[in-house]
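Q: Here the protein sequences line up with chains A, B, C and D, keeping their order.
In this text, residue positions in the first sequence follow the working numbering: the first is 517, and each later residue adds one.
In this text, residue positions in the second sequence follow the working numbering: the first is -16, and each later residue adds one.
In this text, residue positions in the third sequence follow the working numbering: the first is 245, and each later residue adds one.
In this text, residue positions in the fourth sequence follow the working numbering: the first is 30, and each later residue adds one.
Any given hint could turn out to be false.
[As the list claims (entries may be wrong)] Here are the simulated EDC-like pairs of lysine to aspartate or glutamate, each with C-alpha atoms no more than 16 angstroms apart in a straight line:
#, chain 1, residue 1, chain 2, residue 2
1, C, K504, C, D380
2, C, K467, B, E7
3, C, K541, B, D130
4, B, K140, A, D641
5, B, K73, B, E18
[As the list claims (entries may be wrong)] The following residues of chain A were derived to be distant from chain B, with all beta-carbon distances above 10 angstroms:
#, residue
6, T529
7, W537
8, W550
9, A570
10, K599
11, P614
12, Q639
13, L661
14, D666
15, H683
16, F686
17, E687
18, E699
[Stated by the list, open to error] If you only want the chain B side, here are some residues facing chain C, beta carbon under 7 angstroms, derived:
#, residue
19, I10
20, D11
21, C22
22, G35
23, L39
24, I58
25, Y67
26, P86
27, G90
28, K92
Since the hints were made in silico from the structure, they are not lab data.
Computed from a prediction, not measured in an experiment: that's the story for all the values here.
Don't be surprised by glycine CBs; every beta carbon is placed ideally from N, CA and C.
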Amino acid sequence: MLSTKFTPKNKMTKAEIDRKWWEVGDYFRRNSLWLLMYCTGCCAVELPPSMTSAYDMERLGMGPMATPRQADILLVSGYLSLKTLRRLIYTYEQMSEPKYVVALGSCPINGGIYHDSHAVINQLDQYIPVDVYVAGCMPNPESVLNGFVDLMEGIKQKTMNGWKRYHDHFEWYKENQKNSLGEVIVHDEFHQ
Amino acid sequence: MTNSINNLELVKELVSKTTTILKEENIDVQQLAFEVNTCDIHHVLSVLKSAGWKQLSYLSAVDWPDENKFEVVYILFNWDKPVYVQIRTKIDRENPSIDSILPIFPGAKYYEREAHEFFGIAFPGNPDYEKQLILEGWDDIPPLRKDFDPSAYSDRKFPSREYPQDYSVTDEKNHSLEKRAERKARAERLRTGGKKQ
Amino acid sequence: MKEMKLFLGPQHPGMHGNASVHMFVDGDIIKRSYLLPGMLHRGFEKQMERKLWVNNISLIPRVCVPEPDINEMSFATAAEKILKLEVPERAHWIRMIILELARISAHLMAYGGLGGPTGNYTLMYHAHVDRNLILDIFEKITGARVYHQYIVIGGVRQDLPDGIEEDINVFIDDLERRLVEYRDLGIDNASIVKRIKDTIMLPEEVVWELGVTGIGMRSAVNKPYDVRKVVPYARYDQVEFEVPVSDYSDARARLDIKIKEIQQSIIIIRQCLAKMPEGPVRVKPDRGQSMRWTVPKGYAYAPIESSRGEFGYYMVSNGGTSPWRVGVRGASYPQGLLGIEKYLPGTRIDDAALWVDTMGICSPEIDR
Amino acid sequence: MTIVNFLIGVGIALFGFVLQTSIGGINRKIVGRMQKRHGPRWYQEFIDIFKLLSKRAVSHGWIFDFGVIMALGGIIGTAMFMPLTNQILAFSNNGVNYDNFFIFVYLLAVGMLGMAMSASGSGNPWASIGVMRALTTMLAYEVPFLIVVLTIINLTNQSSLTGIMEYQQMAGNNWFIIAMPLGGIVGFISLMGMLGKKPFETYIAPAEIASGPMVEYGGKQLGMLFILHEISVFIEVSLFVHLFLGGATNIFEFLIKYFAVYTFANLISNVNGRFKIDQVVTFFYKWPLLMAVTQAVIVIYFGWVI
Chain A
517 MLSTKFTPKN KMTKAEIDRK WWEVGDYFRR NSLWLLMYCT GCCAVELPPS
567 MTSAYDMERL GMGPMATPRQ ADILLVSGYL SLKTLRRLIY TYEQMSEPKY
617 VVALGSCPIN GGIYHDSHAV INQLDQYIPV DVYVAGCMPN PESVLNGFVD
667 LMEGIKQKTM NGWKRYHDHF EWYKENQKNS LGEVIVHDEF HQ
Chain B
-16 MTNSINNLEL VKELVSKTTT ILKEENIDVQ QLAFEVNTCD IHHVLSVLKS
34 AGWKQLSYLS AVDWPDENKF EVVYILFNWD KPVYVQIRTK IDRENPSIDS
84 ILPIFPGAKY YEREAHEFFG IAFPGNPDYE KQLILEGWDD IPPLRKDFDP
134 SAYSDRKFPS REYPQDYSVT DEKNHSLEKR AERKARAERL RTGGKKQ
Chain C
245 MKEMKLFLGP QHPGMHGNAS VHMFVDGDII KRSYLLPGML HRGFEKQMER
295 KLWVNNISLI PRVCVPEPDI NEMSFATAAE KILKLEVPER AHWIRMIILE
345 LARISAHLMA YGGLGGPTGN YTLMYHAHVD RNLILDIFEK ITGARVYHQY
395 IVIGGVRQDL PDGIEEDINV FIDDLERRLV EYRDLGIDNA SIVKRIKDTI
445 MLPEEVVWEL GVTGIGMRSA VNKPYDVRKV VPYARYDQVE FEVPVSDYSD
495 ARARLDIKIK EIQQSIIIIR QCLAKMPEGP VRVKPDRGQS MRWTVPKGYA
545 YAPIESSRGE FGYYMVSNGG TSPWRVGVRG ASYPQGLLGI EKYLPGTRID
595 DAALWVDTMG ICSPEIDR
Chain D
30 MTIVNFLIGV GIALFGFVLQ TSIGGINRKI VGRMQKRHGP RWYQEFIDIF
80 KLLSKRAVSH GWIFDFGVIM ALGGIIGTAM FMPLTNQILA FSNNGVNYDN
130 FFIFVYLLAV GMLGMAMSAS GSGNPWASIG VMRALTTMLA YEVPFLIVVL
180 TIINLTNQSS LTGIMEYQQM AGNNWFIIAM PLGGIVGFIS LMGMLGKKPF
230 ETYIAPAEIA SGPMVEYGGK QLGMLFILHE ISVFIEVSLF VHLFLGGATN
280 IFEFLIKYFA VYTFANLISN VNGRFKIDQV VTFFYKWPLL MAVTQAVIVI
330 YFGWVI
């Protein structure tokens, strides 16, 4: 047994220390994921069962939150019309980091049943980075919960870094948003 | 339902007294449809309203590009004498315009706004029919017209996902049996959790 | 004092669905307000024109999300009216069972939704437990929890599975016993009564002015104005049920009617299970014909009593393989748009979420 | 007054935080069982708080940041004066205990004001409505509560918490909640108001004003607000235990009483809806005020204490 007194100290660099702390933080982050339920579409109707007593999301430490600032996950529940996408980008940019995006249903993946609609976008990850997709129309509560467990596993493996991607490729995302939306800023008769 | 026939007769009598009926249809025992001249719409609606048809159930338009017409539809209902009455009229497709029925049915306000938004029909008399209601920043012809193609619009505006492999059945190199076997093997793999058997 | 501008939604815990209420408030009182719809717009009416009659069956349930079956029923009846198609007797009764179960589920969701604005989450959780049991029954019958695509043109997709009558009976008996508990937790709970009694009024003139239907109308005019009674579809003229009414329409009266309607739906389901005859359930198009299936020229409007009021499809066919025009009359259209503009002002901020909840506003059917 | 006193004080604040956070977690589980579900892990609240502290946060100017820190400091300062039992207490000198009731009344206000300042600094209209409501609620419950407490002070001739505790323990555990039933009820109702439990949750009200003062907080600031909330709950529940339930002679007694009070308040909260803000004020100024005055008259003029 080595005496600790004479073993040379294992000097950790600052980056390593940061990484260690980040891992500690990851434990807390993945065990307490707060949802921002933005009911963008139909899949929102399967969220109450998965949140309430039947499937009880709170077991996993998850719960709904009232405002984007408090939340960790932006839950995009279903198709996104242009009008919603504008507000979704607002909401996403308001959330505090690290933030994750979970997209439910097949519509954010490739447009789903509304692939040829004039009002619904086809692919969400052109506009904001998506970490987990849950396919299905509509996904069962089981698969919704499974998606969240995948997200937790991904946080542990450090693969869920969509928010970093948004920083790195900010220009590209903004470009896409402009192309589809025309203008991201909300204009309507009430925002005089 | 014993007196539903009487009700139908009553409506027919009311409408035929007030205006000339271009076309009449009996849809079922509790539903009637009349096509009338555009100028008579207000008269017919107010007569029906005072006779008890005071609920405006629906207001919308139908596009008939072959005749170069829009057809505006009003559906009225009377809860005491249960007959649905469709009143239809055709207006020109170029510069379509029909007077608002707000003075008769205040509830028509948003229906008219929506009809303007989706068909481009003007409703003079409705104070803000020209404001956007459902769409935001629309940059094309009104979407419910028949000559609007949503698929082309979608392709133009929204990038679609590109798949490395084409799964559609119209694939030229479509080997159905092989694909089915592949799918079966994949399902088996998923079921057993990737373990070899 | 200066008016302050507030947004209730689209991302707001008090707002059901993706719509936004813009409010200009002075202190706590709302001065002006508008609904900003359109965030759930998918261009449904255009989509339906582009799809075959058969394909449309998979599209339509998505019009109104909390209660999808009324769409299928309305679409099917509208098409059958133009086709002059007679549906097998058993199919009518199965449709009624499905519709009533859907009504119970929508009412439970709306009643549990009372838990949100008033803060009584226990009520919400309990209501969702029971709703989930209905979804399980649906899964047994149709194979899907929410979007069933079960009521099709010409009947229903397939017969009821064996032993489902037992399941339904067990569930409705259980639910009937628990209705007392729901009353205690919700509309008879002293602290909630303070919130919902004598507020959010809906007088009779307003009903006629806006064209409100459903529970809002019945609670105000004190007459059984229910499409099931007045213009019976399916076999509603062969079952006995009451239409609960009241002559004083505050939030509590409307919620009370909701509970009573659940009770009546249970009675209807019992009668359906008892009276249901044996036989075929669907008029099928010939093999290979469904893609080329056409509907003759015609116009039809098919009203259905949904949990929020009269819901209907206006359908125009020009004899082609797909509908020429389908218009959706959302049940919450009048109170949702004009009602919020005209009658939400004057209430307090606290009441806004409750207003939206008890008036029965479903944003997907406003936007389509 | 040595450094040891301060260390004990900080220790009490820390103990209060740990205690309330774990009891809060256990209560979430109990409520979960009431709502026919499994409920979270009992240490979920700790995870939540540490997660919030590990997140990045957006600032809305220095008032926003400083207000949170001021509120947290004020609350920790208040908690340092809180006696746990007769003996465990941070600041005492030769038998004189510095745990006067009015210290808590004044210092708690520092926390509240800091939070109000910071929330208004965020510039969100929901937050300012929430702050307005929080202060109004405070005004509503303080009046009946203070009348009852003043009655107690009049009766015991002292305003030190340990003194009041000992007074109750002296003659065979004569708790004030039994001796003065009306006052006890008023105290409990006011406690519900202080804790922001359901009938009086008006200033949080997620479905109405989007969680009120907390609407703009996220990340670290929200984490600090959570810590603040836990410690202030600890202070408020302990005040009730000491004033009305005869305090505690040892730490286990304190824990049991604390748990019982908090759980009872939480259970009541979970089957009730919330009032509107004007209803909260009229409610407090009607029955609790009347009961508190009646109790004061009974105690002071008639001397009827069981």
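Q: All hints are to be evaluated individually against the structure, with a verdict given for each.
A: These are the hints, each one checked on the structure:
A hinted pair counts as satisfied when its Cα atoms are at most 16 angstroms apart, and K504/C with D380/C does not qualify at roughly 23 angstroms. For the given pair, K467/C sits about 31 angstroms from E7/B by alpha-carbon distance, which is inconsistent with the 16 angstroms threshold. Annotation: proposed proximity of K541/C to D130/B is violated, straight-line Cα distance about 21 angstroms (limit 16 angstroms). Distance restraint check for K140/B and D641/A: the Cα-Cα separation of roughly 15 angstroms lies within the 16 angstroms cut-off, and the hinted pair is therefore satisfied.
With a C-alpha separation of about 8 angstroms, the suggested pair K73/B and E18/B falls inside the 16 angstroms cut-off, and the hint holds. Distance to chain B confirms T529/A as a non-interface residue, since its nearest Cβ pair spans about 39 angstroms, more than 10 angstroms. Against the 10 angstroms criterion, W537/A stays outside the reach of chain B, whose nearest CB is about 35 angstroms from its own CB. With a cut of 10 angstroms on Cβ distances, W550/A stays outside the contact zone with chain B, its closest approach being about 29 angstroms.
Even its closest Cβ contact with chain B, about 25 angstroms, leaves A570/A beyond 10 angstroms, as expected for a residue assigned away from the interface. K599/A, annotated as away from the interface, has a beta carbon of chain B within 10 angstroms; the closest lies near 5 angstroms. The beta carbon of P614/A is kept farther than 10 angstroms from every beta carbon of chain B, the shortest such distance being approximately 26 angstroms. With a closest Cβ-Cβ approach of about 5 angstroms to chain B, Q639/A is found to fall inside the 10 angstroms limit, against its non-interface label.
Non-interface call for L661/A relative to chain B: holds, since the shortest CB-CB distance, roughly 18 angstroms, exceeds 10 angstroms. Look at D666/A: its CB is around 15 angstroms from the nearest CB on chain B, clear of 10 angstroms, so calling it non-interface holds up. Even its closest Cβ contact with chain B, about 22 angstroms, leaves H683/A beyond 10 angstroms, as expected for a residue assigned away from the interface. Once the 10 angstroms rule is applied to beta carbons, F686/A is consistent with being away from chain B; the minimum gap is 18 angstroms.
With a least CB separation of 16 angstroms from chain B, E687/A remains clear of the 10 angstroms interface cut-off, as annotated. A cut-off of 10 angstroms between C-beta atoms contradicts the statement that E699/A is not in contact with chain B; the least separation is 7 angstroms. With its C-beta approaching chain C no nearer than about 5 angstroms, I10/B sits inside the 7 angstroms limit, and its interface hint holds. Given the 7 angstroms rule on beta carbons, the hint for D11/B holds: about 6 angstroms separates it from the nearest Cβ of chain C.
Annotation: interface hint on C22/B violated; nearest CB of chain C at approximately 22 angstroms, more than 7 angstroms. Residue-level restraint check for G35/B is violated (minimum Cβ-Cβ distance to chain C is 11 angstroms; threshold 7 angstroms). At about 5 angstroms, the closest approach between the beta carbon of L39/B and any beta carbon in chain C falls short of 7 angstroms, and the interface hint on this residue holds. Because the smallest distance between the Cβ of I58/B and any Cβ of chain C comes to about 6 angstroms, under 7 angstroms, the interface hint for this residue holds.
A least Cβ separation of about 6 angstroms between Y67/B and chain C falls short of the 7 angstroms threshold, and the interface hint therefore holds. At its closest, the beta carbon of P86/B sits 12 angstroms from a beta carbon of chain C; the interface hint therefore is violated under the 7 angstroms criterion. A least Cβ separation of about 4 angstroms between G90/B and chain C falls short of the 7 angstroms threshold, and the interface hint therefore holds. Interface restraint check for K92/B: the shortest CB-CB distance to chain C comes to about 6 angstroms, inside 7 angstroms, so the restraint holds.
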